[in-house]
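**Student:** Protein sequences, first through last, are from chains C and R.
Counting from 1, one number per residue, gives the positions in the first sequence under the working numbering.
Counting from 1001, one number per residue, gives the positions in the second sequence under the working numbering.
These are computed hints drawn from the structure, not numbers from a lab.
A portion of the hints provided could be inaccurate.
Here are the computed lysine to aspartate or glutamate pairs in the EDC-like style, where the Cα-Cα straight-line distance is at most 16 angstroms [what the hints assert, rightly or not]:
#, chain 1, residue 1, chain 2, residue 2
1, C, 81, R, 1240
2, R, 1152, R, 1270
3, R, 1281, R, 1128
4, C, 81, R, 1146
5, R, 1009, C, 5
6, R, 1250, R, 1227
7, R, 1140, R, 1128
8, R, 1250, R, 1229
9, C, 81, R, 1264
10, R, 1067, R, 1206
11, R, 1140, R, 1182
12, R, 1281, R, 1146
13, R, 1281, R, 1158
14, C, 81, R, 1229
15, R, 1205, R, 1270
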Amino acid sequence: MTRADVVVIALAIALVAALYVHFWQPPQSATTVEVRSGNTLVGRYPLSENRGLDIQGREGISHLDIRNGRVRFTDSPCHNKVCVNSGWLSHAGDSTACLPNGVSISLLGSGETYDAVSF
Amino acid sequence: MTPPSTPRKLLPRLLISGLLIALLLWIALRHPGDAPGDSNLLQHETLMMGTLVSITIALDDHTPRDKAERVANTLEQLLRQFEQRWSAWGGGELGQINRALAAGQRARIPNPLQSLFAEATRASLLSEGRFDVRVGALVKLWGFDDAAHYLKQPPPQDEIARLRNAVARAQSLNADIYQASDVQLDFGAIAKGYAADLAIALLQKENIRNAIVNLGGNLRVSGRRGDRDWNIGIRHPRPDQGVRILASLKTHGDEAVLTSGDYERYFDFEGRRYHHILDPKTGAPAQGLQSVTVVYPEGAWADAASTALFVAGPQHWRDMAARMGIDQAMVVDAQGQVTVTQALAPRLQFAEGIHPVIVP
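Starting from the given sequences, assemble the full structure and let the hints guide the process.
**Tutor:** So this is what it looks like as structure tokens:
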């Protein structure tokens, strides 16, 4: 084995370790949010891209905010704002909805995540 | 003296190293996956029963995707019929009973409704009235019957007293005929758990052994997910104060996980929260707890018990659990303190910063 081999193997190990930390460390985070309106799928959006979403529901527009791997309702045409008060969602298997407006979001991901959430 | 390596030898070595790195990269990257969801699961979601309903089926050789989809659709139909039947204010059987009661008539309880009536009566007796389906008129007075009816302030005290007294003097639900003035029946505190039981029974009849039926956070699990147990998150009642998930639970075979909280249906007035879990004795929202989680083999009983424990409050929930045969329970009090029973504590993994008190 030459010095170059040692360097290559060391680099490979370091790279894998770095990737492991980067991709496997947050074991409970979701990758995608699935948005539904009135039981039809509006779309699936990656949580890695920060963006706002305006979703047309029965009563009006529900506003969603995707930021830093999390998603929340920021506003919705409902009386009591249970959806907004659900706060940021980031775990796969978690979900919330604005029932008056018929808009729901569920978080998807794989690996070590929640299969369902009791609330 | 020979050189350490010649270009002829270096090339295969670089190739092998390159392949090795590519292989390791692939192994490292493949795990998180870009595909939404999981190819080994069927997730079927729909809004009904005034909440988000989710059916999760683990796919395997005996349960291919097309079969799981067919059964999930059948199950959705069953749950829609169930919703129609048990809706307190709709056109189904329970709605008819309530209209007959409102008109001062004797209401006949149809046969298919009698087993849940019996279960609700048993829960009322054991909980000494802390759980009671006869609070329907109070639920309506408080506007918690429909998300569009929420009030801006509490209803008048004399109205609350009138309907509370009507419940107190009404006969219990022990017959197939019922009559009571100023009383309406609302099965909202037991029906979702019962529906989850029926759903799991249907799945088992179809030979689907590994599934979760989650009716707005009230769920029943059966079996496993592939080679591991199902992993259930339990919501923090005040997610904005920190984490959204309070704890997680790995399930053991078939069991129900039911949570009652003050955050699902409520309104705020003058700095106080008025939520949908009414104490039948006062006619007003029960005070002292933010949420109660119960783990029990059967959904209907767990649902009724989670309400009874919530109403019993911070001083009495443990006695109530003992009376109702619940040994696995967790409560969060008004100060945010988490208390969990000895039987449940070792099964939970708490979020960072949560320091539960463990009690017998």
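**Student:** If you test the structure against every hint from before, which numbers come out violated?
**Tutor:** As far as the earlier hints go, 7, 12, 14, 15 are violated by this structure, in ascending order.
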